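Number of protein chains: 2
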Amino acid sequence: MRIAIDAMGGDLAPREIVRGAVAAAGEGKAEIILVGDKARLEEELTLLHPSGNLEIYHTDQVIGMDEQPALGLRRKQEASIVVATRLVKEGRAAAVVSAGSTGAQMAAALLILGRSGKIQRPAIATLMPTLKGPKLLLDAGANVDCRPEHLYEFALMGNLYANRVMGIANPRVGLLNIGTEACKGNEQTLGAYSLLKEAPLNFVGNVEARDILFGETDVIVCDGFVGNAILKFGEGLGQALFTMISREVKSSLRTRIGAALLLPALRGVKKQVDYTEYGGAPLLGVQGISIICHGSSNARAIKNAIKVAVRCANEGLVTALGDLPVISREGKMRECQSH
Amino acid sequence: MRIAIDAMGGDLAPREIVRGAVAAAGEGKAEIILVGDKARLEEELTLLHPSGNLEIYHTDQVIGMDEQPALGLRRKQEASIVVATRLVKEGRAAAVVSAGSTGAQMAAALLILGRSGKIQRPAIATLMPTLKGPKLLLDAGANVDCRPEHLYEFALMGNLYANRVMGIANPRVGLLNIGTEACKGNEQTLGAYSLLKEAPLNFVGNVEARDILFGETDVIVCDGFVGNAILKFGEGLGQALFTMISREVKSSLRTRIGAALLLPALRGVKKQVDYTEYGGAPLLGVQGISIICHGSSNARAIKNAIKVAVRCANEGLVTALGDLPVISREGKMRECQSH
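So the protein sequences, as listed, match chains A and B.
Heads up, the first sequence is in my numbering, so the first residue is 1382 and it goes up one at a time.
Heads up, the second sequence is in my numbering, so the first residue is 1382 and it goes up one at a time.
No lab work stands behind these hints: they were computed from the structure.
Errors might be hidden in some of the hints.
Below, in silico cross-link-like pairs of lysine to any residue (SDA-like), each with a Cα-Cα straight-line distance of 20 angstroms or less [claimed, not checked]:
no. : chain 1 : residue 1 : chain 2 : residue 2
1   : B       : K1651     : A       : Q1620
2   : A       : K1457     : A       : D1418
3   : B       : K1513     : B       : V1650
4   : B       : K1631     : A       : Q1653
5   : A       : K1470     : A       : L1491
6   : B       : K1631     : A       : A1640
7   : A       : K1565     : B       : M1446
8   : B       : K1513     : B       : N1583
9   : B       : K1652     : A       : T1624
10  : B       : K1631     : A       : K1470
11  : B       : K1457     : B       : K1513
12  : B       : K1513     : B       : G1484
13  : A       : K1565     : B       : G1484
14  : A       : K1513     : B       : G1617
Small disclaimer: the values here were computed from a predicted structure and weren't measured.
All chains, full assembly: derive it from the sequences and hints.
Dropping the structure here:
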């Protein structure tokens, strides 16, 4: 299986991207197509002595992190993310992996691959570390104005992913809300609740944000604005707490010794909450596999994202997503004929 | 100044509520009216030997945490939160403080006190611990379906509160969003951004959730659904991290010793993020002062909430809020005539 990597996308590109790709190739997980500037990539590869399973597809255009995605896409038809996505469309790669601009990656996926089956709104499904292992949250930011039927779609897609790719038998699917009772929420979640309680999945009802990290729900469904805000707040809270603890630790010798002794424990926690362990977040609902990685992804994150891509491809995720029953704009269920 | 306390509301009521009230009365901050079951409250008071400044207003009805607020209000016209709020309406108390059902407290405030001036949507303004001291976030959950003009109102109310009650000269007001650029966001935040950039306040633009806790913005404005979700996620994340660290700490003698030495530093952090330090969250935009406390408030939280209530009253907050220019339903600014 061949995986196309946007080698120029990400804060640590191309070095860490190439390292991750070489590691994945070395483990025989996949054959890798590195899309990017040939001279720059060969320079990186020379240092790494790759064992094979790697090729370079040259392009010298890149869409920057701060570029307006739609504009970037129009102006740079040979940008690395565009070329890598096109390789998937043309069947020359099974998936695309990128740590570059998320907006550009989504735009490329929507324009080049198109939406899958009757899915209206592709969504970013991200793994969150919880006390009971990683759980899925979607949408993490692809859709900022969702109607109830979109949340319904997210639930179906998340359920399928949790089942097929994460191997969870009967995923517990919950709706993120501001109270657990059925009567709680805004117009959007109240509407989604009524749809979800009739949905062909194990709907466990409303889940409050404070309960996500205790890991009792396998799939958390929410609007992309809310999902994105929560994920970013979590990131910020982690950093802020770390800063507060560091300040306090430095205040005395006693606490400095304590911190040194405690280091292995803190490393254990860090490993549990480290996003690089989980690799990338799939954009579910497009006609192909597109794995979105954190902008600051290192080699480890890229290697793990490639593994995720391979698993998605092996499990026939795209075909299965295309077969999902969805809800039409009028809010009526539209059963899929093919299954 | 007299403050009415819903002595029967909260997980630790009436004991901790009475203790907090006695402490505040003892410091001469205010004269306290404890609203609740006379026999029960006298029992608590006997243990505490209060120095005066306290009276009891008897009622034996309480609205429970799990009761439907509107229903509870209709059925229990003599519930402690209703009576306490009525004392404010009648001018017999300057403010009401409660750790009981937030829904019931809001409903009582809206029904009995009514909205302030031309404010359409009263909002809960909560203090968040940040690296640069407590900052204000609103709405924390009073309004789950907001239009841009509601966020505009929240900004004006938050700005006024930060200035008058928190004593910040020219509060930096930010809009919670999923990106910092002006073009980022959903329909609601895009609309709010255009209104806010013309608003008579120090609008600093969009703020991402990851930046809230670094404390560069004094007032963060958001929809109540989003605000509530973020606050609850923060609560859950704190608990989950604590559980993860405890697990790891227990794994060896070395880490257990480390943790013991580190304890003072951790206590320092705990104090920084401890909500009981900040007391309650005012419901801004009603025709009176109503301070909402966390359900699990202890005596310290209640005492601090009473201080907040006194400060709000001394600063003439309600009159000032009533004079704010707001935006009518048509989205057009409606300047206040009185100033």
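Cross-check of the supplied hints:
This hinted pair checks out: B:K1651 and A:Q1620 have alpha carbons roughly 15 angstroms apart, not beyond 20 angstroms. Among the hinted pairs, A:K1457 with A:D1418 is consistent with the structure: their alpha-carbon atoms are about 14 angstroms apart, no more than 20 angstroms. Only pairs whose Cα atoms come within 20 angstroms are accepted, and B:K1513 paired with B:V1650 is accepted, the gap being roughly 13 angstroms. For the hint linking B:K1631 to A:Q1653, the alpha-carbon distance of about 16 angstroms falls within 20 angstroms, and the restraint holds.
This hinted pair checks out: A:K1470 and A:L1491 have alpha carbons roughly 11 angstroms apart, not beyond 20 angstroms. Under the criterion of a C-alpha separation no larger than 20 angstroms, the hint pairing B:K1631 with A:A1640 is consistent with the structure, at around 15 angstroms. For a cut-off of 20 angstroms, the pair hint linking A:K1565 to B:M1446 stands: about 14 angstroms separates their Cα positions. This hinted pair checks out: B:K1513 and B:N1583 have alpha carbons roughly 18 angstroms apart, not beyond 20 angstroms.
Using a Cα cut-off of 20 angstroms, the hinted pair B:K1652 and A:T1624 holds, with the two alpha carbons roughly 15 angstroms apart. Between B:K1631 and A:K1470 the alpha-carbon distance is near 51 angstroms, which puts this suggested pair outside the 20 angstroms criterion. Taking the CA atoms of B:K1457 and B:K1513, the gap is near 43 angstroms; set against the 20 angstroms cutoff, the hint is violated. Using a Cα cut-off of 20 angstroms, the hinted pair B:K1513 and B:G1484 is violated, with the two alpha carbons roughly 31 angstroms apart.
Simply put, A:K1565 and B:G1484 have alpha-carbon atoms about 11 angstroms apart, close enough for the 20 angstroms limit, and the pair holds. As the CA atoms of A:K1513 and B:G1617 are separated by approximately 14 angstroms, the hinted pair is consistent with the 20 angstroms bound.
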